[in-house]
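Colleague: Given chain F, work out where chain Z should sit, using these hints.
Protein chains: 2
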Amino acid sequence: MKSVDWLIIDWGTTNFRAFAMNKEGVLVSKTERPLGLLQVKNNQFSSSLKVVLEGWLGEYQHLPILMAGMVGSAQGWIDTCYVETPTSINKLARKSHSFKLPWGAQATIIPGVRYRSPLGNFDVMRGEEVQLFGLQTLESKANFVALFPGTHCKHMQINANKLSSFTTFMTGELFSILLNHSILGAGLPKQQDSLNAFKKGISESNKKPLTNQLFYTRTHRLFADIDETEVSEYLSGLLIGEELKTLTTKNIYLVGDNKLCSRYQKACQILEIQVSVIDGDDVFLNGMLQIKKALNDEK
Amino acid sequence: MKSVDWLIIDWGTTNFRAFAMNKEGVLVSKTERPLGLLQVKNNQFSSSLKVVLEGWLGEYQHLPILMAGMVGSAQGWIDTCYVETPTSINKLARKSHSFKLPWGAQATIIPGVRYRSPLGNFDVMRGEEVQLFGLQTLESKANFVALFPGTHCKHMQINANKLSSFTTFMTGELFSILLNHSILGAGLPKQQDSLNAFKKGISESNKKPLTNQLFYTRTHRLFADIDETEVSEYLSGLLIGEELKTLTTKNIYLVGDNKLCSRYQKACQILEIQVSVIDGDDVFLNGMLQIKKALNDEK
Numbered sequence: 001m002k003s004v005d006w007l008i009i010d011w012g013t014t015n016f017r018a019f020a021m022n023k024e025g026v027l028v029s030k031t032e033r034p035l036g037l038l039q040v041k042n043n044q045f046s047s048s049l050k051v052v053l054e055g056w057l058g059e060y061q062h063l064p065i066l067m068a069g070m071v072g073s074a075q076g077w078i079d080t081c082y083v084e085t086p087t088s089i090n091k092l093a094r095k096s097h098s099f100k101l102p103w104g105a106q107a108t109i110i111p112g113v114r115y116r117s118p119l120g121n122f123d124v125m126r127g128e129e130v131q132l133f134g135l136q137t138l139e140s141k142a143n144f145v146a147l148f149p150g151t152h153c154k155h156m157q158i159n160a161n162k163l164s165s166f167t168t169f170m171t172g173e174l175f176s177i178l179l180n181h182s183i184l185g186a187g188l189p190k191q192q193d194s195l196n197a198f199k200k201g202i203s204e205s206n207k208k209p210l211t212n213q214l215f216y217t218r219t220h221r222l223f224a225d226i227d228e229t230e231v232s233e234y235l236s237g238l239l240i241g242e243e244l245k246t247l248t249t250k251n252i253y254l255v256g257d258n259k260l261c262s263r264y265q266k267a268c269q270i271l272e273i274q275v276s277v278i279d280g281d282d283v284f285l286n287g288m289l290q291i292k293k294a295l296n297d298e299k
Numbered sequence: 001m002k003s004v005d006w007l008i009i010d011w012g013t014t015n016f017r018a019f020a021m022n023k024e025g026v027l028v029s030k031t032e033r034p035l036g037l038l039q040v041k042n043n044q045f046s047s048s049l050k051v052v053l054e055g056w057l058g059e060y061q062h063l064p065i066l067m068a069g070m071v072g073s074a075q076g077w078i079d080t081c082y083v084e085t086p087t088s089i090n091k092l093a094r095k096s097h098s099f100k101l102p103w104g105a106q107a108t109i110i111p112g113v114r115y116r117s118p119l120g121n122f123d124v125m126r127g128e129e130v131q132l133f134g135l136q137t138l139e140s141k142a143n144f145v146a147l148f149p150g151t152h153c154k155h156m157q158i159n160a161n162k163l164s165s166f167t168t169f170m171t172g173e174l175f176s177i178l179l180n181h182s183i184l185g186a187g188l189p190k191q192q193d194s195l196n197a198f199k200k201g202i203s204e205s206n207k208k209p210l211t212n213q214l215f216y217t218r219t220h221r222l223f224a225d226i227d228e229t230e231v232s233e234y235l236s237g238l239l240i241g242e243e244l245k246t247l248t249t250k251n252i253y254l255v256g257d258n259k260l261c262s263r264y265q266k267a268c269q270i271l272e273i274q275v276s277v278i279d280g281d282d283v284f285l286n287g288m289l290q291i292k293k294a295l296n297d298e299k
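These protein sequence lines map, in sequence, to chains F and Z.
Numbered according to our numbering, the first sequence spans residues 1 to 299.
Numbered according to our numbering, the second sequence spans residues 1 to 299.
This is chain F alone, in the form it adopts within the complex (with noise of 0.2 Å):
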């Protein structure tokens, strides 16, 4: 482990995941534990995280850590407040907070982002924007939008090089509490692939209010419109659609896992928008690399 000169953290809700770097930003080692803020009891933060490090890489007392995600939160282990948009990666790098470990070495939390929409209300994230900025320095492009699906799925717009804007739609955890705790779901034999349920969901999203439009999971279930087999699929691109339809632009980024990327890009080749998909790993450390240099230019 002697190559490695510094470590990365996203430390979300429900994971833990941290990745040792070598002096030129390249990954040496990895791990992944089930230690989200959920299990991390009584603010235990630092002696959680000295278990991992020493079960993992033994030496680490010197390496400086970079950490993102729910980490900074009102939860986490320092609140770390929001950065108002518009932002660059500069604007992040500045307002991170940096602490020193009880064992000696330096630590950075990266904040969150917030942004108000015309109406007036808030949305806010934290961990996308690293994966964003990492996105942006790997493509070199000033303006375009980038889609990070999930439980909370991110629409962001990015606009002579800063972030201006995002929108949240809670599309994965509609689906997720619909298909497991609603009439919905009831009663479901096992679920199977299907992309004709699937089309059929995004054909008929947007056409009236959702809280109407979702009984009809319910009536094409009862009249076998869709198959009892189907009906995640349909209810999935019910969902899916009611989000990507807000879309201003045919072309976007999706950013995320292949599993959920590839159904989103199923739906964007039904709406004839334009799609890149990009491996959020790889964009989530070249974002956290970025920061390191800009707090380095900083000294």
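Just so you know, these hints were derived from the structure itself, not from any lab.
Since this is a predicted model, take the numbers as computed values, not measurements.
Even glycine gets a Cβ: it sits at the ideal position worked out from N, Cα and C.
All clues given are correct.
Here are the computed distance ranges between Cβ atoms for each label pair:
#, chain 1, residue 1, chain 2, residue 2, range
1, Z, Phe223, F, Thr14, 19 to 25 Å
2, Z, Gly187, F, Thr249, 32 to 38 Å
3, F, Phe223, Z, Lys245, 24 to 30 Å
4, Z, Gly25, F, Gln75, 55 to 61 Å
5, F, Gly120, Z, Ser165, 32 to 38 Å
6, Z, Lys190, F, Asn180, 24 to 30 Å
7, Z, Val277, F, Phe223, 32 to 38 Å
8, F, Phe223, Z, Ser203, 33 to 39 Å
9, Z, Gly36, F, Phe99, 55 to 61 Å
Modeller: Same frame as chain F, but now just chain Z:
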């Protein structure tokens, strides 16, 4: 119990209610049991019913029974199918299903109703149609709109004395699963009444796609735009607002129980919709009485 002439049963998914009526159609006695469809095992409907009647009335063998609700669904006692809109009370009576009970008495199940929207989607109901026609004969109106708040709220349109169309909104169920199973309800303190938070929810509803708008329930709480104790009221306003803003009339009936109707009534006041509130039980019993008369006229 000599004066009891016939029985009315409202048999739903989670509730069983029975009403003993005299010859003049006046309520003599009623009972309620935790004997919804979900509690009746192995299709033991007639033996379950027998146990209730023996305990409640003793002598019941000669009494004809009129039933409505999910008891007539595929998951119920006998699948009575659906009558198509436009429909009248006479059509409901004509299409109801009569059969002999093991103890010799006659039972009749009122069918459900189905509406096919111009987009080709189906809405369905079982039980509310009885209340609707009970309301109609009480009010003697040929054209009106009636709302039946609940787990799945129904908006019904009466034209020329017939039920011409209706729409289902999953307002109640969405409210419940969002509060109990999503991040919006996570870690909330005891909730309190708040007209302001309810108003805010109504005023913000339908401005954005719901999958996006719902997330503001989270950020309003995060930034103290609404109090921790008022999240439930805001969410209720958001979902009821989405529903009520689809109305094209400014004059409606609200049918149901007091608590839920008074919540909808408040929302209508805010949206300047004129409301007549009608007790759900009254119009249910009256609807069953009218159906009984129609059945007798046919003989």
